[in-house]
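*Asks:* Listed below are the residues making up each chain.
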Amino acid sequence: MTEKKGEKTSGNGWEPRIVAFLCNWCSYAGADLAGVSRIQYPPNVRVIRVPCSGRINPLFVVKALQTGADGVLVSGCHPGDCHYISGNLYARRKFALLKSLLEYVGIEPERVQFSWVSAAEGVRFAEILGKVIEAVRAVGPASKMVKELEEVT
Amino acid sequence: MDPITNPYVPYPVRIDEVTIENDERDLKTFKLVFLDPEHEKAFAYTPGQFAELSVLGKGESPIGIASSPTEEGYLLFTVKKTGVVTGELHSLAEGEVIGVRGPLGKPYPIDRMKGKNVVLVGGGFAFTTLRALTQYMIADGNRSEFGEITVIYGARSPGELLYKEELKAWEARDDLKTIITVDKGDGAWKGREGFVPTVLEEVAPSSKDALMAVCGPPIMIKFTLPVVEKLGFAPSDTILSLEMRMKCGIGKCGRCNIGSKYVCKDGPVFTLEELNALPAEF
Amino acid sequence: MSQVEEALKKEVAKLFEEETIDLFVGHEPAGVPLKTSACFLSSADEAKRLVWNASCATNLAAYLPQLFKRPGGVKGEWIAPRVGVVAKGCDSRSIVGLIKEKQIPRDRLFVIGVGCEGMIDRHKAAGALGTMGLAEAKIDGSSLQVIGTDGTQKRVELAEVLADSCRECQHRSAVLFDVALSETSVQAPETSRYADVAEFESKSLDERWEFLVSEFSRCIRCYACREACPNCYCQECFADETAPKWLGVTTDLPDVFVFHLGRALHQAGRCVDCGACVAACPQGIDLRLLNQKINKDVEELFGVQSSLSLEEAEALLSFRMEDDQSFMTEP
Amino acid sequence: MLEVTLDKSKLQELLKLLGTDRRLVAPVVDKLGTVFSEITDPSLVCLEAVNTNLSPKETVFPQWETLYTFEGNQIDKAELQIEETVLFGVRPCDARAFELLDRVFTWDGVNDPYYLKRREKTLVVALACNAPGEACFCTSVGGSPASESGADVLGFDLGDCLLLRALTDRGKTLLNSVSSLTTAATEEEKKAAQNAASEAEKLLKPVAVPEDLAALKESFDAEMWKELGLKCLGCGVCAYACPTCHCFDITDEARKGAGRRVRSWDTCAFSLFTLHGSGHNPRTTQDERYRQRVLHKFLYCRENFGEAFCVGCGRCVASCPAGLDLRAVLERLASTAKVT
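Protein chains in written order, with the working numbering: chain A, 145 to 297; chain B, 159 to 440; chain C, 2 to 332; chain D, -10 to 329.
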């Protein structure tokens, strides 16, 4: 994510960059399944595998936005299916607050999205990701929280 | 931004050689070569001084210069892996370029040592600038300027001793008394065992016409100083080198002061007499 | 409030005389008008230093955790002191939170509860004088007389210069105490709770962003908000961590945002809206806008207000199977 | 000595003229009083407040600045570019602080190119005080409401007009460049300026500042630091508001090997300020850190620079969220030779 400002905002050529935090036990496998099943999903995503959606510190999402991600997708196991019994249920509370707070401060709600995808739901993963990418594409490149390192003097 | 005129800009140097110093592999010695001979000329130093090693993107870390100016053409720094910058340094290979900013601080009082007996007492990884001082004093042409030289150096275990090959060469010299000790030996260790303060007491170097320099971890310093005093070394003849958190290294950033003295510019080398006049805040 | 002040002094003196406490934490006057400072008393005669008035805005709970830490250099057995503290509604809620988070021991604490009619926002009071400094202030019933450094005199209604937190406060009397000196029946109307947040929510996305940019561009990263906050007791704040490094140390806006968003998120289910962060901010940043938003969401989504009782689980340390998930993306 | 008078009706014109081809920085009204800000509209300049909320040190020593940028192991060769600046409406205490900062940034002949370049490019137009602010004590620390130290021009507010006195050659050049707006000051006006300053001086409450350095040294072990340390929250308000505090940090910001090395304000009040990589910290408690701040200003700086690093602006007193009052601390230190 080091592209300079100019490259990022160039009109038609611009492709949204999505960071996806995926639970190892479900969504990550779901994404994998989508891959091996030859279900097409866009290449705009960088996947970060986490042991559980409960491991996701809301700061991961904030930090991703600050370092230039145009969108963030967080995906975990459906309620009741958590490998650690209830990690996703604790996480859900944090995510609800995070999503609301980011929109409240003025970050487009399209940029940060959450979903439940099981290991068997390759199609669902591809559909959700596609939806996220299109939503982010519609709001354009992120700029509000992005830390630029160009010279400032 | 020119490193010669701007004290915040490091000189670019190439890592010429990396030596793993200890069994734990968290101590490495970096041999650094200046890319620009003008910079090498500008970097005129004396044992006891330090420099900020700079890894762009990670930061800087103040490290004592382990080489002596008598070893021409390169600088040596022995670095312990403790944080972000030193961790990054440890991951670098020969041939890569880093920065060196300095030389910084006051060196050992070499002029005062001339014509006198010199006792150097070092412990663990803090031995680096004492190595520089020893190399300086035994270098061709310099040795005759000093009286008897005694080096007492200890580490936790044989595997933790720095500069192992060099120590052997020192031990073989007859114009240098080298005593190596470890807290606890292993099966193969044939040398001395015992803590540095105890060994110092046993060796009991005379304080007559002599200066003493002590470098080591705080706990070693604590138990060594009473022995130094017992041997009759005056506080003004006892020299220590301090460590302190630093950033700028040039007396501006306000981080390393002990009372009105700044370790970066007034130190890191102090006499015990100077330290005794400062508040106990280090 | 002067009767309460007298009662407080008596109570504290008694606590020392009866050897119930070793240390008392209260408010004493500071060197400038409308400002008080935490004070740490260790004997009955010192009780006369205490004050209780509309400038005791400091949340004293912030000072408590340090008192229960073994001091450096103390070897062997160490017994924590028995600490007394005067607590208005918000202080007492913070105390509840700190007990629940095991930062202070309930059994070494003696809480004197007092009712609170709201604390003066010093900046608002001084603001009545325009850009002049505040040389003197006198509370006179329900009004406040302020005198500027140029001699200008102004009279303002106390209600107009109360801290924003106090205007919306729902819990003015201590929720946890060993002895209560006074209670107060004054309470903000239920309807006005979160009024400031609701108003902000009604703005457009970009208006909200622009407003916060203007607020946060004043931030000088002094961390007064963090240090004044009873909840910010972390040994190492995420803002100071270097591995991972969450944010830079500059006042570059994205860094400032990460700091304040991170801090607000760490307050989720814990903030009692005491206003300490706002009062501490030397730049007048409206930090409540973020904290109260989270408080509002926590209450609406999970039905919890922070730290009202020792028994209730904190919002983010619990869940319900049926928690709202309407925010999640479906194909 | 060049002394001229400017009718206040021409103040806007003066500011406009000063801001031509230069950056003009002056106080404007902000949320909590006034702050120094770059001026594009001179009508916003507000000279009424005694002290700005934060000091003007930001102009010569910004909260953060890029020391240099880099890519890979290459440091950008470009030299620092600083705009010519006029800093207008600085109070004499703050101007005096520049003179103190100069000493640190040139200490022992080691020059700080960043500070010095900004300082060299900044003309300081100070404005004498007619009345003290809420926590002012400049006269107790060697200053005065009309101190001339650190400024190029000193102005006096005489009601309808400003008397402007050139203090340096640069100041003289500056006043000459605006001579179309000014008239030579009359003897009466000069006298009025002197009177205003001495009247203001009378209004300042004296604070006993400890003079005996040996006694200050003894105070290192005083009990009072413990209580002050309990009160001190360990934030950076006092240091960041202070015109003479100058401690800083150096950090790198980079992505994939490209980025910048920045320096930013830092303070001895922060617990991590002196933390060693080894985990050792020479100042583990807040009382040690608060003591460091006070003794650095009133003992160590005196030993090193011959003067206390405090100009009596009172900002630390007015803005301390814990209600700590440096004046009271000084009184306590001064009250007894050996403080317990």
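For the record, the hints were derived by calculation from the structure and aren't laboratory data.
Treat the numbers as computed from the prediction; the structure is a model and nothing was measured.
Among the clues, some could well be false.
[To be verified] Part of the chain C face toward chain D, derived, beta carbon under 10 Å:
{"#": "1", "residue": "31"}
{"#": "2", "residue": "67"}
{"#": "3", "residue": "223"}
{"#": "4", "residue": "302"}
{"#": "5", "residue": "306"}
[To be verified] Below, computed lysine-lysine pairings styled on BS3-like, alpha-carbon distance capped at 25 Å:
{"#": "6", "chain 1": "D", "residue 1": "215", "chain 2": "C", "residue 2": "49"}
{"#": "7", "chain 1": "A", "residue 1": "291", "chain 2": "D", "residue 2": "215"}
{"#": "8", "chain 1": "D", "residue 1": "215", "chain 2": "C", "residue 2": "10"}
{"#": "9", "chain 1": "D", "residue 1": "180", "chain 2": "D", "residue 2": "161"}
{"#": "10", "chain 1": "C", "residue 1": "10", "chain 2": "B", "residue 2": "216"}
{"#": "11", "chain 1": "A", "residue 1": "291", "chain 2": "C", "residue 2": "246"}
{"#": "12", "chain 1": "C", "residue 1": "155", "chain 2": "D", "residue 2": "66"}
{"#": "13", "chain 1": "C", "residue 1": "246", "chain 2": "A", "residue 2": "288"}
{"#": "14", "chain 1": "D", "residue 1": "215", "chain 2": "C", "residue 2": "139"}
{"#": "15", "chain 1": "C", "residue 1": "76", "chain 2": "D", "residue 2": "194"}
{"#": "16", "chain 1": "D", "residue 1": "20", "chain 2": "C", "residue 2": "70"}
{"#": "17", "chain 1": "B", "residue 1": "239", "chain 2": "C", "residue 2": "246"}
{"#": "18", "chain 1": "B", "residue 1": "380", "chain 2": "D", "residue 2": "206"}
{"#": "19", "chain 1": "B", "residue 1": "239", "chain 2": "D", "residue 2": "66"}
{"#": "20", "chain 1": "D", "residue 1": "194", "chain 2": "C", "residue 2": "204"}
{"#": "21", "chain 1": "D", "residue 1": "-1", "chain 2": "C", "residue 2": "125"}
{"#": "22", "chain 1": "B", "residue 1": "326", "chain 2": "A", "residue 2": "291"}
{"#": "23", "chain 1": "C", "residue 1": "155", "chain 2": "D", "residue 2": "106"}
{"#": "24", "chain 1": "D", "residue 1": "215", "chain 2": "B", "residue 2": "216"}
{"#": "25", "chain 1": "B", "residue 1": "186", "chain 2": "B", "residue 2": "366"}
{"#": "26", "chain 1": "C", "residue 1": "246", "chain 2": "D", "residue 2": "245"}
{"#": "27", "chain 1": "A", "residue 1": "288", "chain 2": "D", "residue 2": "66"}
{"#": "28", "chain 1": "C", "residue 1": "139", "chain 2": "D", "residue 2": "194"}
Quick reminder that beta carbons are idealized off the backbone N, C-alpha and C, glycines included.
*Asks:* Which numbered conditions among the earlier hints are violated in the structure presented, ordered from lowest to highest?
*Replies:* Numbers 4, 5, 7, 10, 12, 14, 15, 16, 19, 20, 21, 22, 23, 24, 25 and 27 - these are the hints that the structure violates, sorted from lowest upward.
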